[in-house]
Amino acid sequence: MKRISIFMLMLISGFLTKAQDATEIIRQMDLKMQGNSSRSDMTMKIIRPSWTREVGIKGWTLGTDYSLILITAPARDKGAAFLKRNEEMWNWQPTIDRSIKLPPSMMMQSWMGSDFTNDDLVKQSSIVKDYSHQIVGDTIIGDYDCYKIEMIPKEDAPVVWGKILTYVSKEEYLQMLVKFFDEDDYLVNTMVMSEIRNMGGRTIPTRMEVIPAENPDQMTVIIYKDIEFDIGLDENFFSIQNMKRVK
Amino acid sequence: MRSLPIVFIILLSLPVFSQENERNWSLNGYIKDMVTISAYDENPVLTEPLYIDNLIHQRFNFKWYFNDNWSMTAGMRNRVFFGDLVSAFPNYSDLIDTNNDYFDWSFNLVERDNLVINSVFDRGYIEYNNGTWEVRLGRQRINWGTTVVWNPNDIFNAYSFFDFDYEERPGTDAIRVVRYLGVASSIEVSTKIADDIDEMVAAAIWKFNKGSYDIQLLSGIALGDYVIGAGWAGNLGNASFKGELSYFTPYEDRIGGENGFSATTGIDYSFKNGVYVMGSYLYNSGGVKSLAPGQTAFIGSTERLSAKNLMPFKNSVIIMSSYPATPLMNIGLGVMSFPGSDNLFINPTISFSVTQTIDLGIFGQLFYGEKGNGNYGSISNSGFLRFKWSF
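Taken in sequence, the protein lines are chains A and B. Under our numbering, residues 1 to 247 are what the first sequence spells out, in order. Under our numbering, residues 1001 to 1391 are what the second sequence spells out, in order.
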């Protein structure tokens, strides 16, 4: 009996340690890509069999609660900005000099026709806090030895997915591959990271491709042109007046 | 012509020659060409079965940053009108060269029976902004509206929903001082310059954020009236819920003035599949229950459009929906009705992204009601085909 108890305890604590490890790995991975605050300059390419469109984006973030996005291309939308503070979101339209309050229902829409939703870009949910994590295997992606981590959203988390599988490199905690599943366990999107290089003082993947499972011949690509981490932004930066001023 | 904005023309040509490491200016805009086909029934002036018109419309938006705090903005629209309606109205050039502003920055370069060319600076201001204080002097858009279709709080530069081809909307010659109090709150005092107190607008607005609501309170004078108003923008569940109220009362010594109450509210919602639905209601105490036979709802030709008088009707309701049929094509339909009246306005829209910089749009404006001969039917039907290249 005692032996069994110890065995159970070891098993549970083993599980616990493993679960904590998984969360810690995701936390490290998240820290790597987000930092406390960041400023980035990126291009989003929406690729379809018969056409492509490009959107230029500059982004500022502070944790997951605050973000500001400025559209730099195409010409038609240049200067438009999006601000997120906790649960609230605003949009700045420079042509008519007006900030427009956006409803939560706008969050889950595809963003400018891409395979990303607003939520993917302004990060309403936290991959660390809003999911429980578990290591479910090992695999090799490219030259990288990776953990395979299953992420299940916690109850009441503001999340659209039923499950996420994340592949994280063991050495540098780089996010290499992500598979998004719906609540019925069907694969919805696959996100592939590549072009790992040094940017903003960190080794990070600088190219992300999102491929919808239903339409494997289309994808949305985000390419980081520049990124800086821990630039000392505070929450006052994420204001309506600054949404009009950022360049 | 009160003042020729030569200074802007010089400023526009300057940056072309400046070679600096970091560009401290931006120039963008578009060229549009729009074909309009319109038909009128039982109209005393427009008796032809069909009118075909063309509008070439070019716009510059220029911004020059002197340093982190000081900047200058100019916006210019150049339009070339020709076609049947231009010929049908002997005073067409006067209709185009209208000016509600203190400075006359609108010029008709060509005024012929069948061709009118007009240039206007609808923006031209200098701004000081240090993040806490924002001061603007010149022609600018002072946008106090919160709702999607009608804006009773937009007392400085009201615009017509029907004027869909003017995305930038008119500006006003004014001084504006804004003091930001927090991340989503501010106090603003603005004055529209005018010779006559009945043309003047001077008001203050306090904007703040409470719960998940943006709230605003305003007070001042506007075109011969005292005005107080309030507006809000917030969420009702996952939908957006917005509204505006304004109450107008004439100066004591003003004869013929009437009290006015203009109020609107609206809800809009975006579904996950991209379908957008919006409903809005406008009350105008000075409006009529129903129009005279043959009359359309397009304010501007006979009456002045203002925040006090946004629609000729006492009650106006609009339901709008749009759907991205493909990622490049958006299809929309708006239907406006006026409780107490038989009139109906139908507004189908299709927009198509041809390339990264070229957009194509097809729009309809169909107005139904009692015609001049007493029968019910279409009073005015217009179709628009628009090509737009943005740079």
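Hints were generated in silico from the structure; no laboratory data involved. Among these hints, one or two may not hold up.
Said to hold, decoys possible - Calculated pairs, DSS-like style, for lysine-lysine (alpha carbon to alpha carbon, straight line, at most 25 Å): (1) A:Lys58 with B:Lys1032; (2) A:Lys163 with B:Lys1032; (3) A:Lys244 with B:Lys1063; (4) B:Lys1210 with A:Lys244; (5) B:Lys1063 with A:Lys247; (6) A:Lys78 with B:Lys1388; (7) A:Lys247 with A:Lys58; (8) B:Lys1032 with A:Lys78; (9) A:Lys170 with A:Lys129; (10) A:Lys45 with A:Lys78; (11) A:Lys154 with A:Lys179; (12) A:Lys179 with A:Lys163; (13) A:Lys154 with A:Lys129; (14) A:Lys45 with A:Lys58; (15) B:Lys1032 with B:Lys1388; (16) A:Lys148 with A:Lys163; (17) A:Lys170 with A:Lys32; (18) B:Lys1272 with A:Lys179; (19) A:Lys170 with A:Lys45; (20) A:Lys45 with A:Lys154; (21) A:Lys32 with A:Lys244; (22) B:Lys1063 with A:Lys78; (23) A:Lys170 with A:Lys148; (24) A:Lys148 with A:Lys58; (25) A:Lys78 with A:Lys129; (26) A:Lys32 with A:Lys45; (27) B:Lys1063 with B:Lys1272; (28) A:Lys32 with A:Lys154; (29) A:Lys170 with A:Lys78; (30) B:Lys1210 with A:Lys45; (31) A:Lys45 with B:Lys1388; (32) A:Lys154 with B:Lys1388.
Hints and how they fare:
For the hint linking A:Lys58 to B:Lys1032, the alpha-carbon distance of about 28 Å lies beyond 25 Å, and the restraint is violated. About 47 Å separates the Cα atoms of A:Lys163 and B:Lys1032, which puts this hinted pair outside 25 Å; it is violated. The hinted pair formed by A:Lys244 and B:Lys1063 meets the criterion: a straight-line CA distance of about 13 Å does not exceed 25 Å. Of the supplied pair hints, the one linking B:Lys1210 and A:Lys244 holds, its CA atoms being roughly 21 Å apart against a limit of 25 Å.
Pair hint B:Lys1063 plus A:Lys247 holds up; C-alpha atoms about 12 Å apart against a cutoff of 25 Å. Distance hint between A:Lys78 and B:Lys1388 is fulfilled; the C-alpha atoms sit about 15 Å from each other, no more than 25 Å. In summary, the hint linking A:Lys247 to A:Lys58 is supported, as the alpha carbons are separated by about 8 Å, within the 25 Å threshold. Annotation: proposed proximity of B:Lys1032 to A:Lys78 holds, straight-line Cα distance about 18 Å (limit 25 Å).
For the given pair, A:Lys170 sits about 21 Å from A:Lys129 by alpha-carbon distance, which is consistent with the 25 Å threshold. Taken as a hint, the A:Lys45 and A:Lys78 pair is honoured in the structure, with Cα atoms around 16 Å apart against an allowance of 25 Å. About 18 Å separates the Cα atoms of A:Lys154 and A:Lys179, which keeps this hinted pair within 25 Å; it holds. The straight-line distance between the Cα atoms of A:Lys179 and A:Lys163 is roughly 8 Å, inside the 25 Å bound, and the hint therefore holds.
As the CA atoms of A:Lys154 and A:Lys129 are separated by approximately 8 Å, the hinted pair is consistent with the 25 Å bound. Straight-line distance between C-alpha atoms of A:Lys45 and A:Lys58 comes to about 14 Å, which keeps the hinted pair within the 25 Å bound. Annotation: proposed proximity of B:Lys1032 to B:Lys1388 holds, straight-line Cα distance about 4 Å (limit 25 Å). Note on A:Lys148 and A:Lys163: the hinted pairing holds, with a Cα-Cα distance of about 13 Å set against a maximum of 25 Å.
For the proposed pair A:Lys170 and A:Lys32, the alpha carbon gap of about 13 Å is at most 25 Å, so the pair holds. For the hint pairing B:Lys1272 with A:Lys179, the CA-to-CA distance comes to about 20 Å; that is within 25 Å, so the pair holds. Restraint check for A:Lys170 and A:Lys45: not satisfied, since their Cα atoms lie roughly 30 Å apart, outside the 25 Å limit. Our distance criterion of 25 Å between C-alpha atoms is broken by A:Lys45 and A:Lys154, whose separation comes to about 32 Å.
For the proposed pair A:Lys32 and A:Lys244, the alpha carbon gap of about 29 Å is over 25 Å, so the pair is violated. Of the supplied pair hints, the one linking B:Lys1063 and A:Lys78 holds, its CA atoms being roughly 13 Å apart against a limit of 25 Å. About 10 Å separates the Cα atoms of A:Lys170 and A:Lys148, which keeps this hinted pair within 25 Å; it holds. At most 25 Å may separate the alpha-carbon atoms for a hinted pair to count; A:Lys148 and A:Lys58 exceed this at roughly 31 Å.
As the CA atoms of A:Lys78 and A:Lys129 are separated by approximately 34 Å, the hinted pair breaks the 25 Å bound. The straight-line distance between the Cα atoms of A:Lys32 and A:Lys45 is roughly 24 Å, inside the 25 Å bound, and the hint therefore holds. At most 25 Å may separate the alpha-carbon atoms for a hinted pair to count; B:Lys1063 and B:Lys1272 exceed this at roughly 37 Å. Taken as a hint, the A:Lys32 and A:Lys154 pair is honoured in the structure, with Cα atoms around 23 Å apart against an allowance of 25 Å.
With a CA separation close to 40 Å, the supplied pair A:Lys170 and A:Lys78 exceeds the 25 Å bound. A hinted pair counts as satisfied when its Cα atoms are at most 25 Å apart, and B:Lys1210 with A:Lys45 does not qualify at roughly 38 Å. The straight-line distance between the Cα atoms of A:Lys45 and B:Lys1388 is roughly 22 Å, inside the 25 Å bound, and the hint therefore holds. For the suggested pair A:Lys154 and B:Lys1388, the alpha carbons sit about 47 Å apart, so the restraint of at most 25 Å is broken.
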